[in-house]
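Line by line, the protein sequences are chains P and H.
First residue of the first sequence? That's 1 in this note's numbering, and the numbers climb one at a time after it.
First residue of the second sequence? That's 1 in this note's numbering, and the numbers climb one at a time after it.
Rather than coming from a laboratory, the hints here were simulated on the basis of the structure.
The structure displayed is predicted, hence computed values, not measured ones.
Glycine is no exception: its CB is placed at the ideal position from the N, C-alpha and C atoms.
Among the hints, a few may not be true.
[Claimed, not checked] Derived contacts from chain H toward chain P, CB cut-off under 7 Å, selection only:
1) S85
2) A151
3) K152
4) E153
5) G180
6) N181
7) S182
8) D223
9) S268
10) H269
11) L270
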Amino acid sequence: MKSFLKSCTAIALAVSFTGQAMAQVKEIGAGEGQVNIVAWAGYIERGETDKAFDWVTKFEEASGCKVNVKTANTSDEMVALMNEGGFDLVTASGDASLRLIAGKRVQPINIDLIKSWSTVDDRLKDAPWHTVDGVHYGVPYMWGPNVLMYNTDTFKEAPTSWNVVFEEMDLPDGKTNKGRVQAYDGPIHVADAALYLMTHKPELGIKSPYELNEDQYKAALDLLRVQRTLVGRYWHDAFIQMDDFKNEGVVASGSWPFQVNILKSEKQPIASVFPEEGVTGWADTTMMHVDSANPNCAYMWMEHSLASNLQSDLSVWFGANPSVPAACTDGRGMQTAEGCTTNGMDNFEKVHFWTTPTSKCASQNDQCVPYYRWVSDYIGVIGGR
Amino acid sequence: MSLAQSSAILPERGGVRGSLSDTVWRKPTLLLLLMLAPPVLWLGIVYLGSLFALLLQSFFSIDEFSGLINREFTFKTYGELLRPSNIDIIVRTVSMAAMVTLAAAVVAFPIAYFAARYARGKWKALFYLGVMLPLWSSYLVKVYAWKLILAKEGILTWLFAKLHLTWLIEAWLSLPIVGGNSLSVSFTGTFVVFVYVWLPFMILPVQAALERVPQNLVEASSDLGATPAQTFRNVLFPLALPGIVAGSIFTFSLTLGDYIIPQIVGTSHLFIGQAVYAHQGTAGNIPLAAAFTVVPIVVMGFYLWGAKRMGAFNAL
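With the hints as constraints, model all of the structure from the sequences given.
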């Protein structure tokens, strides 16, 4: 945690140190025999959970690099592990990646050494969460949106707006939405409310759902207080949410394609939609530790992550989108064009990717409400204050 | 005289082992110190040390603007703890813990009484197995199972529908505070699961206390003309009370600290444990998280003080 606070200051410092590219690898030599990766649970599968999902074994055979995985549950844990050292790679989300760059825990990537770089989605090649002043600090791994999941028995036509979860109304089946919708049990959900207000209250002048000044923030909280009266239980765990859709009569909620795919595979009457207001989402990047002990294996893994069945199969496994668009269609794995569409591949522009709110923000003259207040106030909102 | 002295005080034995043994023998306190040092150090450094580190954190504050921790002594964080939304969390948690404890005592007493007075031989073994068995299975599995039992389309609703008692559930759920959309999305559900999960911790000490109540006292009471209710009130209950209080220490403190059950079954209203978890996570508000953890420590401090006065520690 201390490291997070330190890196907040470091972010400020990094702004003044821009353009200083650190030494990067010039060529890939022989593998060192292993590579140590910090990753989200389910991100690096070797067929042990489900035989069909394996993108490690072949890599180990071909490169001779044994893959050691340390799973992390939160972005803070990832940053802490990388600060500790002893790892080569990390699959960092948008909020962790900039902290790692600012704290100089990751090194620039020589994209010339990654043959498949050209196949990366053009929309991700220079994404701001891993590219600082034209220097690439990582290789895009996966991204995914937070979609609106709904019950097709209740909604004969897909809902077009997030208003079904934010405002009291009668749903198409004639009954109220009170007690039949859910929202995410994390302070980051304030951003979803802000996103909704961006469309419905343009006079507030919200530019980014992660950069809110006091007035905008207050409006978002007011909206969330209305939502509290509609929500019986907030969801926190994907499997509890799926259970609530099956057994608790919940019919609409913000959700991940992960849940949508699993419920669909169980033949539940479930579908998802990108509402007109847009959605929030996450994007992860493979980044390399500045003191990586196994740089050659690390580069081989980064190449592998783009070129192999990984992108395709992982996107099926996780309900996410591959960073290599070809992985949707070229049959290297199980993903199909249709599957990518469900996961939101075509709606990249509608996604506002997750970043940590800090008081320093460009769009509101550095007058933004920092994340720790999002936490305490969201607790208040859920508690009915 | 000198001869007697010389024979009473033997010359020291030579060698390191010998003199070490002599020193320890002559100074018993030294031996005690040597034997106690490792556990005391363990308790002092690992347990109390971390506790004080935590307490210390709660006197720091978070800078409103930058979100950095300000390492200067202040009561500002405790001021934040007294905000209405945080007071809500504390009141909610403590009253839930009190109610769970009360209910656990009421449910546990007859079970413990039966086990202590009537169960013999293999029935006694079966009783112990029955009480302990839930403790051996995973806590999470039990909680998830309860979520399914209490769900809107779960087995309990089905059972009530078959008995034509659906109106009863609906009437209960329409009540303020304890009600909700379904049993699994209400405080009632959280309460039921808490009672279930902590019940063994109540039954065992109560049973131990009841075993120690001499049967002849109960018989003497009825010989003297007391009704069963009077015997219970004036003989059995006072003698079993230390056991109940001992059990209540477990149920009360465990409910006070739990953060998983209210997350799976309930209305998403936070309990102290969840608030700590939320504040120390990405928020980085360690001081407030620390201040929150001080609350159960203080509450339990008073509770244990009261329990000691009622003789609960003799029944453990």
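Are there hints from earlier that the structure breaks, and if so, what are their numbers?
-> Violated hint: only 8; rest satisfied.
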